[in-house]
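With the sequences and hints as input, model every part of the structure.
2 protein chains.
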Amino acid sequence: MKKHNFNAGPSILPQEVLLKASEAVMDYNNSGLSVIEISHRSKDFVEIMEKARALALELLGLEGKGYKALFLQGGASTQFLMVALNLLEKRAGYLNSGTWADKAIKEARIYDDIYEVASSKNANYNYIPKGYDIPSDYDYFHFTTNNTIFGTQMKSFPKCDIPMVCDMSSDIFSRAIDYSQFDLIYAGAQKNLGAAGTTLVVIKEDILGKVSRKIPSMMDYKMHISKGSMFNTPPVFAVYTSMLTLEWLKNLGGIEAIEKENEKKARLMYSEIDLNPLFKGFATKEDRSNMNATFTLENENLKETFEAMLKEGGINGINGHRSVGGYRASMYNALPLDSVKALVEIMSELESKA
Amino acid sequence: MKKHNFNAGPSILPQEVLLKASEAVMDYNNSGLSVIEISHRSKDFVEIMEKARALALELLGLEGKGYKALFLQGGASTQFLMVALNLLEKRAGYLNSGTWADKAIKEARIYDDIYEVASSKNANYNYIPKGYDIPSDYDYFHFTTNNTIFGTQMKSFPKCDIPMVCDMSSDIFSRAIDYSQFDLIYAGAQKNLGAAGTTLVVIKEDILGKVSRKIPSMMDYKMHISKGSMFNTPPVFAVYTSMLTLEWLKNLGGIEAIEKENEKKARLMYSEIDLNPLFKGFATKEDRSNMNATFTLENENLKETFEAMLKEGGINGINGHRSVGGYRASMYNALPLDSVKALVEIMSELESKA
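Read top to bottom, the protein sequences are chains A and B.
According to the working numbering, the first sequence is numbered sequentially starting from 1.
According to the working numbering, the second sequence is numbered sequentially starting from 1.
Read the hints as simulated data drawn from the structure, not as lab findings.
Because the structure is a prediction, the values reported are computed rather than measured.
Positions of the beta carbon are idealized from the N, C-alpha and C atoms, including for glycine.
Take these hints with a grain of salt, some might be off.
Cross-link-like lysine-lysine pairs, in silico, DSS-like; alpha carbons within 30 Å at most [to be verified]:
| no. | chain 1 | residue 1 | chain 2 | residue 2 |
| --- | --- | --- | --- | --- |
| 1 | B | K280 | A | K43 |
| 2 | B | K303 | A | K280 |
| 3 | A | K51 | B | K311 |
| 4 | B | K303 | A | K43 |
| 5 | B | K280 | A | K214 |
| 6 | B | K260 | B | K311 |
| 7 | A | K210 | B | K227 |
| 8 | B | K222 | A | K121 |
| 9 | A | K43 | B | K20 |
| 10 | A | K3 | B | K43 |
| 11 | B | K90 | A | K106 |
| 12 | B | K130 | A | K214 |
| 13 | A | K222 | B | K90 |
| 14 | B | K341 | A | K43 |
| 15 | B | K222 | A | K106 |
| 16 | B | K214 | B | K90 |
| 17 | A | K20 | B | K20 |
| 18 | B | K227 | A | K103 |
| 19 | B | K3 | B | K285 |
| 20 | B | K20 | B | K155 |
| 21 | B | K106 | A | K227 |
| 22 | B | K222 | B | K3 |
| 23 | B | K51 | A | K311 |
| 24 | A | K90 | B | K51 |
Which stretches of chain B does chain A cover? Using the computed rule of at least three CB atoms under 8 Å from a CB of chain A, they are [claimed, not checked]:
| no. | region |
| --- | --- |
| 25 | 8-19 |
| 26 | 36-47 |
| 27 | 234-243 |
Structural data, given as structure tokens:
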């Protein structure tokens, strides 16, 4: 039986992506070779890489606006480091809205002093800080658009004159916003994009080349741009699945179309959390994430019954992160509305039983 | 028709690995979920990672000898940087035996002065330098065991008292040597190991912790060791295919068994190159690689005929690298002897035609 996959990441991918990827592992396009045993310099693979890069810019509405898309390795954690190495000369401002934002700050501090413009750490990150100032003489402002662990999401973004750099790992391609307000966006593939092992970096080229330090080649955005994201052997399978997922999204109608689906799923989920007296949402209402809903059982005695029902219903991956406890339903682009319906039904069944 | 796959990397993988990987992309172990859509913290994936790490040490004969195996991201190019960051305090010695060795030197020079103990660069790297001294007060000695581009391979290794660090990307697991003479071995997966996107690092723990610089988390071997190679989301599919390939190798009889096969393939290939007057080997005979045979056509007029025959015979990926020209037959572990036979037959057919 196919499960309802609420995993936080690596997470659900569209069935047609899995099918095409599975076939390509045996034989890519009737070439007699697997997609993972061809040269990354071959026409076939160069096409995959170029298509993935172009689709990323197209779907984000960033074509012809001075941006480049890269598929790198090392996850968002490596971007914490690369952002600082490529952009940090004197001082940068960071918004501390969750565990990953906090880790980004820690890594950047190796290179310079970092200013936390605001933090919700003392409230266990259950809200998104607002109303802070961003000094206009800083090198850049860094923030996390969606906090997977805590289930919070930025609904609006500050205006500022310095480069805006964001970790969009868990909500990229999920909502129609003006992506050109950001100068550097990075996102690990394993949520809305593809198999774990590649990180999409979308970067406005004119923010580069302004620091004085010598940057190691693998850490240098300019180097990767100059080599068309093929400075060294790319993670071919992760790039291929990303390309397939971007194609799937485009055929579906792009970000506007998926946003409507994501809103339906989130509305259904949160209304159950709010109306069912057995459950309580973790995140402040106005900051609730459309990607990750975090909630707890009010009565811990029901835990065993609830979890048995979840298992019975094929609900997978909704255990909460240890920092929050309870449950987390991740509702990424590829999760069907029916999976949320199945979960909500079980929650409501628990209410009628209790 | 399945091709004879002589690609230099990404390159051929065992058919049973491709089959299992393809199935797991649709459904891993009848779990109802794909191997690329389960949490890396799940029991299923932790088992894959731990098995891959254990098999790597077991096959290299390094179990219980103070080594740890890691599956990282970023390719050997990132190791050029990590080696320097983790081990370089004052000065290190590098053997310059090829393009990749040269790049490793360039990256390490960002952090300190590097001493080239010897170089074959002036001879377009057609041999392995020998008879050099390695100063015993250096931090480490770095070398490349096999030079994919030029088709040379180190047949013996110098003795020295300082840590020996090597890039073994293109010949790891291919021959029975005493791996415990090395202190740090790294290898991109895409030749003898698995899908591109992960790099195996095997490291003797006691050489770490001796530099004074602060090392960024993602660049820190100690950090990755302390997290069991899961500091952040690993490249799940590349690790899974590596685990499958290591299992395949173990079932085959391990490195001793595959070495015999590799010797047969190389003997057949080189005897054709030497006996067929139409072809000429590029690398100095005593340094010839058992993994990559480089050769040229003596008479360029035969190029078109030869390449049409190769295409007709399903021979894929034997174009030489631009630095050498001509041809390169990569004969990694997974390449069957029959593929070499097919290639050699065409070369000999060309001779009878010419």
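Of all the hints numbered above, which does this structure not satisfy? Sort the numbers upward.
Going through the list in order, the structure violates hints 2, 5, 7, 12, 20, 22, 24 and respects the others.
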